[in-house]
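Two chains, each in its own frame: build the complex with the hints.
As they're listed, the protein sequences go chains A and F.
In terms of my numbering, the numbers along the first sequence are unbroken and rise by one, the last being 279.
In terms of my numbering, the numbers along the second sequence are unbroken and rise by one, the last being 1261.
Warning: the hint list may mix true and false statements.
Simulated pairs of lysine to aspartate or glutamate, DMTMM-like, Cα-Cα distance not exceeding 20 Å [to be verified]:
hint, chain 1, residue 1, chain 2, residue 2
1, F, 1077, F, 1100
2, F, 1055, F, 1210
3, A, 198, F, 1207
4, A, 200, F, 1210
5, A, 200, F, 1206
6, F, 1159, A, 115
7, A, 198, F, 1205
8, A, 268, F, 1206
9, A, 200, F, 1204
10, A, 200, F, 1082
11, F, 1055, A, 172
12, A, 198, F, 1210
13, F, 1077, F, 1216
14, F, 1159, A, 112
15, F, 1030, F, 1082
16, F, 1159, A, 224
17, A, 97, F, 1204
18, A, 268, A, 224
19, A, 198, F, 1082
20, A, 198, F, 1204
21, A, 200, F, 1207
22, A, 183, A, 156
23, F, 1079, F, 1197
24, A, 183, F, 1210
25, F, 1232, F, 1207
Hints listed in this document are in silico derivations from the structure and should not be mistaken for laboratory results.
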Amino acid sequence: MINQVVQDEVPVAGDLPRVRGRAIVVTSGKGGVGKTTTTANLGTALAALGASVVLVDADVGLRNLDIVLGLEARVRHHVLDVLEGLVTLDDALVTDKRVPKLRLLAAAQTREKDDVDTVAFRDLIGTLRDRFDYVLIDCPAGIEKGFVNAIAGADEAIVVCTPEVAAVRDADRVVGLLGDDRKVELIVNRLRPALVRKGKMLSVEDVNDILHLPLLGVIADAPDVIVSTNRGQPVALDPASEVGESYRAIARRITGQDRAAPEVPREKTFFGKLFGGRS
Amino acid sequence: MSARRIVLTSGKGGVGKTTTTANLGAALAKSGKRVVLVDADIGLRNLDLVLGVEKRIVFDLVEVVEGRCQLRQALIKDKRLENLSILPAAQTRDKTAISELQMAEVIQQLAALCDYVLIDCPAGIEHGFRNAIAGAAEAIVVTTPEVSAIRDADRVIGKLQERGLPVRLIINRIRPEMVRSGDMLGVDDVTEILSAELLGIVPDDEEVIDTTNRGEPIALIAESRLGAIYAKIARRLEGELVPFTVLGAPSFFERLFRKAG
Chain A
1 MINQVVQDEV
11 PVAGDLPRVR
21 GRAIVVTSGK
31 GGVGKTTTTA
41 NLGTALAALG
51 ASVVLVDADV
61 GLRNLDIVLG
71 LEARVRHHVL
81 DVLEGLVTLD
91 DALVTDKRVP
101 KLRLLAAAQT
111 REKDDVDTVA
121 FRDLIGTLRD
131 RFDYVLIDCP
141 AGIEKGFVNA
151 IAGADEAIVV
161 CTPEVAAVRD
171 ADRVVGLLGD
181 DRKVELIVNR
191 LRPALVRKGK
201 MLSVEDVNDI
211 LHLPLLGVIA
221 DAPDVIVSTN
231 RGQPVALDPA
241 SEVGESYRAI
251 ARRITGQDRA
261 APEVPREKTF
271 FGKLFGGRS
Chain F
1001 MSARRIVLTS
1011 GKGGVGKTTT
1021 TANLGAALAK
1031 SGKRVVLVDA
1041 DIGLRNLDLV
1051 LGVEKRIVFD
1061 LVEVVEGRCQ
1071 LRQALIKDKR
1081 LENLSILPAA
1091 QTRDKTAISE
1101 LQMAEVIQQL
1111 AALCDYVLID
1121 CPAGIEHGFR
1131 NAIAGAAEAI
1141 VVTTPEVSAI
1151 RDADRVIGKL
1161 QERGLPVRLI
1171 INRIRPEMVR
1181 SGDMLGVDDV
1191 TEILSAELLG
1201 IVPDDEEVID
1211 TTNRGEPIAL
1221 IAESRLGAIY
1231 AKIARRLEGE
1241 LVPFTVLGAP
1251 SFFERLFRKA
1261 G
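Just chain F, with the same shape it has in the complex (with noise of 0.2 Å):
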């Protein structure tokens, strides 16, 4: 058995990559799969703080690679998720340490190890980009609904349909007070624009500043709102048909004549 290998990009920064890589891996190896979590972000990582793990590395990505170490031995155990593991980038290198062809080899060998490798990509379509997509069949893309994150999406979902990957989207940090007051784009303004499948939807919650400084996915902290938002993301990409959640409380008059959907 080979495990899905699914690369979560951008094009712009700070859309939340790496959280979502984070909690959609923490969702998946809640329900019972074996997940491995990619940092492809050489010299600039960032997933071993959002997952509180930064203190365990003792070898990283650049060093499987490079012949120093076993791969086993670069994968650090999630302490609360035993099905989770983080390979981790080096932090004192730079993209260019190792290749495409490279990082596809290491994804390969992942895949065997596992059901589900996901990649988190870094910001920007250079090098560190062409490395994280290299190994991975599939793709999420991870945006926010503001036309400087939609214009890069879209340029990203660009390249990655020229090399065949299967493309679908997470809008991020979605504030639905701004979406019906007229300040932001609303889900069906961004799917519409970027016309790609639609995975999930997660809105803007200042728990995830907190949780994400504590090295605590906030997937893991029971009753959170965004953790059954990201079970179900985890579900709809085991091929279930789960219905989007309605985001926000409805205003006073929408509960008096209409119900939510």
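With the rest of the complex left out, here is chain A (with noise of 0.2 Å):
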């Protein structure tokens, strides 16, 4: 509750001592559902609405947080250069300069999720809480060590799922594993509605019968995202983008801006598809 107080009177940068930040995992079990794609267009929406964002990539030996948000030309240091003392925290961290309130922590490329200390991980998650009002975790697939180091340090979690059955059933092992202490949400993504209608696409009620969440967002499959994840340049950016505005709105819920249900993406009709308009 202290949190959302905070959210509402949009933080300001000084010196005056500060409410901890939020500590957010993003994850889902199964790979290739979106949780990159997710972690940097939530980023990059929350940073842009005024709060001060980290994202941190725990997917050592598989990092991929940089390309989506083109910058993996800027990364010098990642998470274990800090962890083992080797650079400090600011030296690793790489500001998006598109949205100055954004930072990156990158993973390291060449070193295995095996190096990762969960507790001194887990302590790393709190510094930056002391400085940032947003840290998201961008976890690897799976249920290993990389996972085990990802939720350690986070107070709440975000569950990615896509409409299959196979997301289902990871996505609800992983909402077992994320424990009770955790506050979990859902975001359906990659939902198309054509195929919801002719019955062979899960909807977003099917998927939530099984997992029980509550429903942050529900993010539409639209072939812009891979455009934009190969060009690192996150679709929240961009105005016109639908699946952007869709990000853009999960953000103000987070920050408690916007309370209103979460929109079900739907089909867009022959003449919604004419002129430009949602049907």
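Rendered as structure tokens:
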């Protein structure tokens, strides 16, 4: 609740003592459902709202958050360098020039998840919470050591799930492993309303009949996400993108600025397509 | 006779390892080969769902390793293809429940029973990955034409080559129209970056979402476009020289001015 009040007042930089930020892990169990894309876009959207945000890539050995943000050429140091005392935290943080309140802490690419000490990683997230309003942690796929590290310091979780049986089963397993001490919310990603209507894809209700989680948002499947990911330009920065707007709406829901129930993307009708509006 | 032992891996999750394992297995079995599919994703198993055998699991890989059942008892025979069996992973255990050596022994035993053992590797490069490659003699790397998938595939290929495993590549979910518009990497771009031998090119097809949810591999559906593609990949595995399918309907002008070849 305290967090809620602070978010409503939009934090200001300064020397005033501040309430600790929120540490949110973005996880899924199954790979390739959109964790990294979600982390990048929510971080971008939150920072665009004026919050200070740090994105932490916990996928040691298979990092990708730097690519999706288009910051790969500017990464000099990574989490393990910080944990091993080779550089300071500030040396390792990369500032996003498009959204200056956004920082990236990259993962090591040539090391292993077993090299990361879980307690040290948890403490690092704690340090980041003292400095940022939001710490978003991009979790690796699976439920091995990398998952354990990624969730260790997080007091909240966003479970990303696509409307597919395999993804729902894996998400269900992850929700069990996240335990009861964390706030856990759901983002249903890559929904194709036309396939749902034809009965060829699970609906949001089908997914949540199994997972029973508070719904934070629903993102439609759109080719512009593939393009933006390859180019390192999060869609949340594109004012014309509908998917970008969905991410911005989720960001407003996270800060408490928007309390309405999430909108489920609808199928575009022929006339909707013709006139460019929503059906 | 001992079977070919092939691990299907990728680094990145969600690129289609499980779907490829199921369909390639089905295509090989259809051509008369005896095939066993092994789900190495302990704790997050899905191969059983994709094959529609989830309700028929009695024993699993971990129980085999722990000596709680015979290997043959844990194998589930596909009802559509009698040559095809699956060894499911445990769902409520984790990847450290078995060691690389134990995994290699199970794969060795399976190899005595069939022509092909296909191992469905979990995402990542942790313990589960090391287990999955432990018993394999060859590797198929599945990737999608996306920068992040290719970066992960590159990392995995390095690890496979360190182990001396020959690597071949399947490029999955390619969208020819996006390649043409410059919004997606093409086959040549991907093979150039990864410099691995190309085994197959599979187009993005929304039917796969549905067939996967229903537990019916698309390779079993007569006259499906992807079924024909998986059949060709199976023939290439057998050493046949099969030309690659030219993907996608050519544009109006392409049809007018040149014949696709």
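These are the hints, each one checked on the structure:
no.: 1; hint: 1077/F <-> 1100/F; verdict: 25 Å, violated
no.: 2; hint: 1055/F <-> 1210/F; verdict: 19 Å, holds
no.: 3; hint: 198/A <-> 1207/F; verdict: 12 Å, holds
no.: 4; hint: 200/A <-> 1210/F; verdict: 5 Å, holds
no.: 5; hint: 200/A <-> 1206/F; verdict: 9 Å, holds
no.: 6; hint: 1159/F <-> 115/A; verdict: 17 Å, holds
no.: 7; hint: 198/A <-> 1205/F; verdict: 16 Å, holds
no.: 8; hint: 268/A <-> 1206/F; verdict: 18 Å, holds
no.: 9; hint: 200/A <-> 1204/F; verdict: 16 Å, holds
no.: 10; hint: 200/A <-> 1082/F; verdict: 28 Å, violated
no.: 11; hint: 1055/F <-> 172/A; verdict: 18 Å, holds
no.: 12; hint: 198/A <-> 1210/F; verdict: 10 Å, holds
no.: 13; hint: 1077/F <-> 1216/F; verdict: 14 Å, holds
no.: 14; hint: 1159/F <-> 112/A; verdict: 12 Å, holds
no.: 15; hint: 1030/F <-> 1082/F; verdict: 9 Å, holds
no.: 16; hint: 1159/F <-> 224/A; verdict: 32 Å, violated
no.: 17; hint: 97/A <-> 1204/F; verdict: 35 Å, violated
no.: 18; hint: 268/A <-> 224/A; verdict: 16 Å, holds
no.: 19; hint: 198/A <-> 1082/F; verdict: 32 Å, violated
no.: 20; hint: 198/A <-> 1204/F; verdict: 19 Å, holds
no.: 21; hint: 200/A <-> 1207/F; verdict: 8 Å, holds
no.: 22; hint: 183/A <-> 156/A; verdict: 5 Å, holds
no.: 23; hint: 1079/F <-> 1197/F; verdict: 34 Å, violated
no.: 24; hint: 183/A <-> 1210/F; verdict: 32 Å, violated
no.: 25; hint: 1232/F <-> 1207/F; verdict: 19 Å, holds
In this structure, the hints that do not hold are numbers 1, 10, 16, 17, 19, 23 and 24, in rising order.
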